[in-house]
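Chains as they are written, first to last, in my numbering: chain A, 202 to 523; chain B, -9 to 495.
Simulated from the structure, these hints should not be mistaken for laboratory data. Worth double-checking, as some hints may not be accurate.
[Stated by the list, open to error] Derived pair list, reagent style EDC-like, types lysine to aspartate or glutamate, alpha-carbon separation capped at 16 angstroms:
hint, chain 1, residue 1, chain 2, residue 2
1, B, LYS315, A, GLU349
2, A, LYS403, B, ASP476
3, A, LYS415, B, ASP328
4, B, LYS330, A, GLU404
5, B, LYS312, A, ASP414
[What the hints assert, rightly or not] Now the stretches of chain A that chain B is said to cover, found in silico as 3 or more residues with beta-carbon under 8 angstroms:
hint, region
6, 298 to 311
7, 423 to 433
Idealized CB from N, CA, C, for every residue including glycine.
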Amino acid sequence: MAQFSKQGIQKSLRSIWEDSGMLVIFIVLFLLLAIFVPYFLTWRNMIGLGLSVSMVGMVSCTMLFCLASGDFDLSVENVIAFSGVTAAVIINSTNNVFFGIMLGVLGGGLIGFLNGFIIAKGRINALITTLAMSQIVRGLAFIVAGGEARSIGNAKFFVLGNGMILGIPAPIWITIICFVVFAILIRSTTFGKNTVAIGGNKEAARLAGINVDKTRMLIFSIQGLMAGFAGVVLASRMTSGQPNTSQGFSLDVISACVLGGVSLSGGVAPILGAIVGVLIMGTVQNAMNLMNIPTFYQYVVRGLILLIAVLIDQFKQQTRKV
Amino acid sequence: MIKTLELHGISKSFPGVQALDSIDFSLEAGTIGGLIGENGAGKSTLLKVLSGAYIPEKGTIKIDGKQYTFKSTKDALSAGIAVIYQELNLVPEMTVAENMMLGHFPVNKTGLIDFNSMYETATKQLQYIMEEIDPQAKIKTLPIAQRQMIEISKALLLNARIIAFDEPTSSLSQKEIRNLFRIINTLKEQGKTIIYVSHRLEEVFEICDSVTVFRDGKLIEKFEDMKKVNHDILVSKMVGREISDIYNYRERERSDVPLLSVKDFVCPGLKIPASFDLYKGEILGFFGLVGAGRTELMKGLYGAVRHSQGTVSLEGRTIQIKSPKDSIRQGIAFLPEDRKDEGIIPIRSVEENINISSRRDNLKMKFFIDREWEKTNADSFIQKLDIKTPSRQQIIKNLSGGNQQKVILARWLGEHISVLIMDEPTRGIDVGTKNEIYNLMYKLTEMGISIICVSSDLPEIMGICDRLVIMREGKIVNTILRNEMDKEQILSYALPAKHKEHQTA
């Protein structure tokens, strides 16, 4: 009897490990840091941590759709810069905050739509398309900004990035809302299910009556809108539109998703995993900052974490097969 | 006497399935041993154990009396076992010679690849099996039959003593099959031990010295003398019950009013505009050789490929079909020929594969997925169609071909369809499941659904169809009724003119 229950515990431990191994790793990591790193578990640091992952968090919601459908998007970092700059320039020239935000977000959406259109209808590889688009959009960001950072005059705009609700900054709330909305979209709508089916087998999905081209264009458009929105929020936080911001951000987002178990070949979309991936990346970075580890070493550590995570995942899949 | 190959108590299980259940099996040198059984019977698993791709939990493998433990395919190769799979393992962009020596390239003193010696060896080896293939040609330029010869040569270069063939004839023409058999017999005369896995019993009778039947992971019986068995005995051993007539044709009532009317239809792959009628409740066969344009016509009708001309009318109204989605809305469904690439979403569950299309009519508040409905719908089809799966959450690629086909059928039965186009519905599916699929087709026609069945399997077409359309080289050449069906006649319509001369000559 005792042995039986012991087996039962082992079995349930194993299933927790298989289903949410990364979550377990995150919790252990968090506890260790809370115990051993001074100031880690303080309200101020927690808020700082939340703010630092909010951007990656927001964009990872839509990147998850991109990856689940078997594509990816390298242009988000440049859309962020472009949309931030656009919002800044519009707000400064019209003094209309709402108008500035709208144009920033819609500009991002337009770029996303173009990505999707070229990839779906032109049958061009997503890597090439979004790589080319990222160059174009970075250039546009500098052109719109006139080559330099544009500080914003209208203080009402800063509420978006710096306002507090219940003692927590707005970007954190926005990120939480994004995760909830996109979790519902991926799990409980035909759009979400079709996205995963397309990533699993494009031709089968098409023959099953899914409008594959339309869905892919929609995925990229939403991705563009989200990146545009993230860019506007960032501009608000920085009180300026900066054309050279966020370089390397696209790969941060993709790394966080992959860390959470999203496959680059498409067909799976574990949104909880993506959240955990974002949190692990952010937490490690935060702790390294607290411990005054030089930036150069931080790069090495982040790369290693990603490698180790995918190796663990591969190992898990292999042991499951046998 | 020591047997070349000796297996004792080989067991291998996967979650929920005992794929091999203590198998004892042996073969002597210079013999051809046939392995037959339905999909999922364990033949493929056994081959994978032999090739080192799977490690069995129990049991021993002996070759020439010496015991081996294979930890990888490399171990098996060096012990002299080569398995030639249905899906050949060749690199399309590399040359014939490079593929033959992949992993064992000859190198010269400087450590660079010795191309002269490589091509020389390849030429010699190809001459040995009497194949005229340019060793410098890229694999992708060769037909399947020749690629298979490259695989065989590759195995011989590694001094394989035991060569296993997994469904080697599935994509070969009659002439190519003859050539393959000639080579297999040559190998046998040279003392190689051959394992021959096939669905085609007539081939097993033709070439094998013994035949072993597998079912549900067990070795059911080994017949050492081919003269003491016949087709019916083997089928009943494979299926585990008597099947008198797998087609089991039932008379059906057909109306004289066309349900679907196709006129002057032109789409890529057709040479002459196609016109035909499909009556309510009938099974209309489409027969022709590979390349006759059957699949292309069906894909055009379904909207998977755009048609450039012609009208399609359903129950008298002209319908516009520009995409598969339009087609499904009109009640026309399509079961693709290539299940793996066009049918299933391999890494998703049975449940998701069933509900992929019909869920849009069963949403909550027109937007959210109704989980309860999805579960119930999947479970009810799993039960109704007797889909063999541990649960609705099983990943579909782990199911056998026949059960995958049933899942795709379930996908369409959840829709309000009136026309079902089935492209090679039983290809690669075992006898027992074939019989189930035919019965299901009859049931559908009794419900008033009309079926178009494209098939290259002439006995099947003659066994189940009410009428038959014969296509040749991109055009419809004839339409005949069930009572006019005659094998020779059908073939003579289907064969191109020059083939016919060749046949009579």
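Here is what the structure says about each hint:
Simply put, LYS315(B) and GLU349(A) have alpha-carbon atoms about 49 angstroms apart, too far for the 16 angstroms limit, and the pair is violated. Under the criterion of a C-alpha separation no larger than 16 angstroms, the hint pairing LYS403(A) with ASP476(B) is inconsistent with the structure, at around 41 angstroms. Only pairs whose Cα atoms come within 16 angstroms are accepted, and LYS415(A) paired with ASP328(B) is rejected, the gap being roughly 24 angstroms. Between LYS330(B) and GLU404(A) the alpha-carbon distance is near 10 angstroms, which keeps this suggested pair within the 16 angstroms criterion.
Distance check on the hinted pair: LYS312(B) and ASP414(A) sit about 14 angstroms apart at the alpha-carbon level, within 16 angstroms; holds. Counting residues of the region 298 to 311 of chain A whose CB falls under 8 angstroms from any CB of chain B gives 0; the rule of at least 3 is not met. Only residues whose beta carbon comes within less than 8 angstroms of a beta carbon in chain B count, and the region 423 to 433 of chain A has 0; fewer than three means the coverage is violated.
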